[in-house]
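Engineer: When the letters of the sequence shown are read in order and numbered with my numbering, they come out as residues 1 to 242.
Treat each hint with caution, since some may be false.
Claimed, not checked - Derived pair list, reagent style PhoX-like, types lysine-lysine, alpha-carbon separation capped at 20 Å:
{"no.": "1", "residue 1": "Lys229", "residue 2": "Lys157"}
{"no.": "2", "residue 1": "Lys228", "residue 2": "Lys131"}
{"no.": "3", "residue 1": "Lys140", "residue 2": "Lys95"}
{"no.": "4", "residue 1": "Lys131", "residue 2": "Lys95"}
{"no.": "5", "residue 1": "Lys5", "residue 2": "Lys21"}
{"no.": "6", "residue 1": "Lys5", "residue 2": "Lys52"}
{"no.": "7", "residue 1": "Lys5", "residue 2": "Lys95"}
{"no.": "8", "residue 1": "Lys131", "residue 2": "Lys170"}
{"no.": "9", "residue 1": "Lys157", "residue 2": "Lys228"}
{"no.": "10", "residue 1": "Lys157", "residue 2": "Lys170"}
{"no.": "11", "residue 1": "Lys111", "residue 2": "Lys5"}
{"no.": "12", "residue 1": "Lys131", "residue 2": "Lys111"}
Said to hold, decoys possible - Label pairs and their calculated CB-CB ranges:
{"no.": "13", "residue 1": "Ser171", "residue 2": "Glu116", "range": "19 to 29 Å"}
{"no.": "14", "residue 1": "Arg16", "residue 2": "Asp107", "range": "13 to 23 Å"}
{"no.": "15", "residue 1": "Arg16", "residue 2": "Glu167", "range": "37 to 47 Å"}
By construction, these hints were calculated from the structure, which means they are not laboratory data.
Cβ atoms here follow ideal geometry from the backbone N, Cα and C, with glycine treated the same way.
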Amino acid sequence: MTKLKNVGAALVESIRSEQVKDLAIDLGDAGISEVFTKEALESIPGLGIVVKTYNVFSTIQGQIYAHKIYNFFLNIHELNLDERVRVMDEISATKGGVDEAGMLLLDLIDKSDDNEKPSLIGKLFVACGFKDISAREFLKLSNIITSTYIEDLRALKNIDSPQNLSEQQKSIFAANSLMTFGVKKPMKLEDGYTVGEIGRAIFDNGLSLDYEFTREAELIAEFCFDTKKTDMIASNPAFSST
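Take these sequences, add in the hints, and give me the full structure.
Structural biologist: This is the structure in structure tokens:
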């Protein structure tokens, strides 16, 4: 078994452990070694392998990586053991096995360029455990989080006020599957358009775009930032992930 598979399997073992509830202290800006002893972390099934493999108490890089993993665990203690096991089983079925599921979670955590992102991924894991989203949706939304700048993600707290977004933010959201856009139609004439009228309207008024938040954006806003779009349920059917 490769090093990555070893650590991935250890992560899954930790998720499936009753002792995950011991990882419920918000570290804030403190380093993980300032809050927990080496023995305490190594006593948690699976996590001990992560601690040893990444030299958590010996290197700065190990500290950073352990902090990311810890922030993922920070929220999932809200789920009971059966719920956590079911989520891992669903992810494993989607990705082809337990080892693959563990490595995928490690990759998502590793690609997080901000300590807050693993916590957001953990919140999505909880939403999956409560059956608010599917395992496929969890994976899709987690990938969006890893690829989007954290300040842009935080802007989703104002999902009911898209008019306050800059054009640059709208473009970034569109590039990360958080917004869709289309050409804004000129005001419709009473008898409809002729080709010439459409051309003149665009020439006179310019070409502008209409932006709309995607279902993915709404789910991230709801489950990661506790911000539910007012017309979310009425206007947007659940999206199907591939």
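Engineer: Just to be sure I understand the hint, the distance between the Cβ atoms of serine 171 and glutamate 116 should be within 19 to 29 Å; is that true here?
Structural biologist: Holds, at about 23 Å.
Engineer: Just to be careful, I want the Cα atoms of lysine 111 and lysine 5 compared with a cutoff of 20 Å; is the pair within it?
Structural biologist: 17 Å, holds
Engineer: If you draw a straight line from the CA of lysine 157 to the CA of lysine 170, is it 20 Å or shorter?
Structural biologist: Given pair lysine 157, lysine 170 holds - Cα atoms ~14 Å apart, limit 20 Å.
Engineer: Can the restraint linking lysine 131 and lysine 95 be considered satisfied, given a maximum Cα separation of 20 Å?
Structural biologist: Holds: lysine 131 and lysine 95 sit about 19 Å apart, inside 20 Å.
Engineer: Can the restraint linking lysine 140 and lysine 95 be considered satisfied, given a maximum Cα separation of 20 Å?
Structural biologist: 13 Å, holds
Engineer: Regarding the pair lysine 5 and lysine 21, is the alpha-carbon distance no greater than 20 Å?
Structural biologist: The hint is violated at about 24 Å.
Engineer: So does arginine 16 sit 13 to 23 Å from aspartate 107, Cβ to Cβ?
Structural biologist: For arginine 16 and aspartate 107 the Cβ distance comes to about 19 Å; the hint holds.
Engineer: For the pair we were handed, lysine 5 and lysine 95, check the Cα-Cα distance against 20 Å.
Structural biologist: Roughly 14 Å separates the two Cα atoms, so the pair holds.
Engineer: Would you check the hint for lysine 229 and lysine 157, treating anything up to 20 Å between C-alpha atoms as holding?
Structural biologist: OK: lysine 229 and lysine 157 at ~9 Å, within 20 Å.
Engineer: So if I understand the rule, the pair passes when the alpha-carbon distance is 20 Å or less; does lysine 131 with lysine 170 pass?
Structural biologist: 30 Å, violated
Engineer: Using the beta carbons of arginine 16 and glutamate 167, state whether their distance is inside 37 to 47 Å or not.
Structural biologist: Once the Cβ atoms are compared, 46 Å apart, the range 37 to 47 Å for glutamate 167 and arginine 16 holds.
Engineer: Does lysine 131 sit within 20 Å of lysine 228, going by the straight-line distance between their CA atoms?
Structural biologist: 17 Å, holds
The earlier numbered hints that this structure contradicts are 5, 8 and 12.
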